[in-house]
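Student: Here is what each chain is made of, one letter per residue.
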Amino acid sequence: MSTIKVNDKHQEIELPLSVSGIIQLNKVVQPGMVSVQLNGEFVLRDDFDSTLLKEADEIDFLYFMGGGSDIF
Amino acid sequence: MDFTDEQIQRYSRHILLQDVGVEGQDKICQAKVLIIGAGGLGAPVALYLAAAGIGTIGIIDGDVVDLSNLQRQIIHFTEDVDKPKVLSAKEKINRLNPDVKVITYQTLFTAENALEIIKDYDFIVDGTDNFPVKFLINDACVFAGKPFSHGGILRFEGQTFTYVPGTACYRCFFYGPPPANLVPTCSQAGVLGAIAGMLGTIQAAEVLKYVTGVGDLLTNRLLTFNAKTMEFRTIKGKQNHKCPICGEHPTVTELVDYEQGTCDIQSKKK
Numbered sequence: 070m071s072t073i074k075v076n077d078k079h080q081e082i083e084l085p086l087s088v089s090g091i092i093q094l095n096k097v098v099q100p101g102m103v104s105v106q107l108n109g110e111f112v113l114r115d116d117f118d119s120t121l122l123k124e125a126d127e128i129d130f131l132y133f134m135g136g137g138s139d140i141f
Numbered sequence: 002m003d004f005t006d007e008q009i010q011r012y013s014r015h016i017l018l019q020d021v022g023v024e025g026q027d028k029i030c031q032a033k034v035l036i037i038g039a040g041g042l043g044a045p046v047a048l049y050l051a052a053a054g055i056g057t058i059g060i061i062d063g064d065v066v067d068l069s070n071l072q073r074q075i076i077h078f079t080e081d082v083d084k085p086k087v088l089s090a091k092e093k094i095n096r097l098n099p100d101v102k103v104i105t106y107q108t109l110f111t112a113e114n115a116l117e118i119i120k121d122y123d124f125i126v127d128g129t130d131n132f133p134v135k136f137l138i139n140d141a142c143v144f145a146g147k148p149f150s151h152g153g154i155l156r157f158e159g160q161t162f163t164y165v166p167g168t169a170c171y172r173c174f175f176y177g178p179p180p181a182n183l184v185p186t187c188s189q190a191g192v193l194g195a196i197a198g199m200l201g202t203i204q205a206a207e208v209l210k211y212v213t214g215v216g217d218l219l220t221n222r223l224l225t226f227n228a229k230t231m232e233f234r235t236i237k238g239k240q241n242h243k244c245p246i247c248g249e250h251p252t253v254t255e256l257v258d259y260e261q262g263t264c265d266i267q268s269k270k271k
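Read top to bottom, the protein sequences are chains A and B. Under the numbering used here, the residue at position 32 of the first sequence is numbered 101, and the numbers go up by one with no gaps. Under the numbering used here, the residue at position 244 of the second sequence is numbered 245, and the numbers go up by one with no gaps.
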């Protein structure tokens with residue numbers, strides 16, 4: 070087992086695991102709606118499958134959020 | 002500018018702040034801030050900036066007040082239903098602080114008018130709820146070298162960051178608009194009213210910090226919170242070399258009206 074941080078919380082994972090894999094593992098409701106930062110670096114959506122995680126990685130899911138005025 | 006006795010009294014709690022003082026208040030009174038959207042976020046932003054004495058507040062919004070807005074858009078009152086939002090907002094600002102000059106734009110913010118409108122302002126506040134306009138605000142501000150505050154809220158959550166030229170922009174964090182209609186807006190998914198106030202007041206504080214030069218702005222950081230747990234997180238970011246607008250090989254070279262719903266794009270000359 071390896072330990073990574075997902076959204077600041079420790080998570081135990083089995084390697085190898087890709088960014089797509091960790092998104093699935095965390096049951097992200099709308100994977101199309103999440104932007105990913107790996108160790109502070111932006112990951113292109115096209116690279117989610119090919120980007121593999123390693124021990125002690127820190128991954129953040131950023132969600133699209135609208136809000137405010139519903140006018141335009 | 003020379004403050005009257007009344008103004009010194011009105012702004013005394015700012016002037017008392019060592020970091021602000023008369024000099025900082027003077028900067029606030031000279032500042033020009035554009036608020037895009039007079040809704041959930043724009044309402045608290047406008048009220049706090051008006052109270053603070055921001056010299057000129059521009060408000061752009063093409064909509065009229067709806068009864069369902071009043072649960073969170075605190076600048077609009079029951080008697081304002083059906084009134085243009087910019088007019089309703091202007092009236093409240095004038096009553097709160099007659100020192101403030103209010104410029105209203107009862108129109109949509111589009112690729113056509115974006116650069117022309119923002120050019121007169123020192124700082125732009127994103128108070129819109131849809132992604133086409135959020136990206137348009139980002140792109141226009143990056144092109145024009147204007148600082149702005151991004152704000153988003155949904156259900157019980159909020160997120161915000163501040164852009165100044167040379168720091169991470171919205172596309173550095175989110176690249177491009179999400180597939181149309183996949184992301185619910187507040188009108189579809191709901192939002193706890195007070196969240197708008199929480200997020201909007203953070204945006205207003207960022208404006209005042211920028212204008213006065215006090216403290217460290219929320220740049221290269223995305224602040225998110227979830228009101229269900231009342232946990233706040235700051236995710237560090239930086240200018241992304243793959244960013245399609247401010248990265249090494251920009252592909253976004255002109256303003257575009259992304260259409261929500263169809264994903265069609267209409268290109269407009271910058």
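Don't read these hints as lab results, they were simulated from the structure. Cβ coordinates follow ideal geometry from the N, Cα and C atoms, glycine included. Among the hints, a few may not be true.
Partial chain A-side listing against chain B, Cβ under 10 Å, derived [said to hold, decoys possible]:
{"id": "1", "residue": "G109"}
{"id": "2", "residue": "D129"}
{"id": "3", "residue": "F133"}
{"id": "4", "residue": "M134"}
Student: Going back to the hint list, which numbers does this structure go against?
Tutor: As far as the earlier hints go, not one is violated by this structure.
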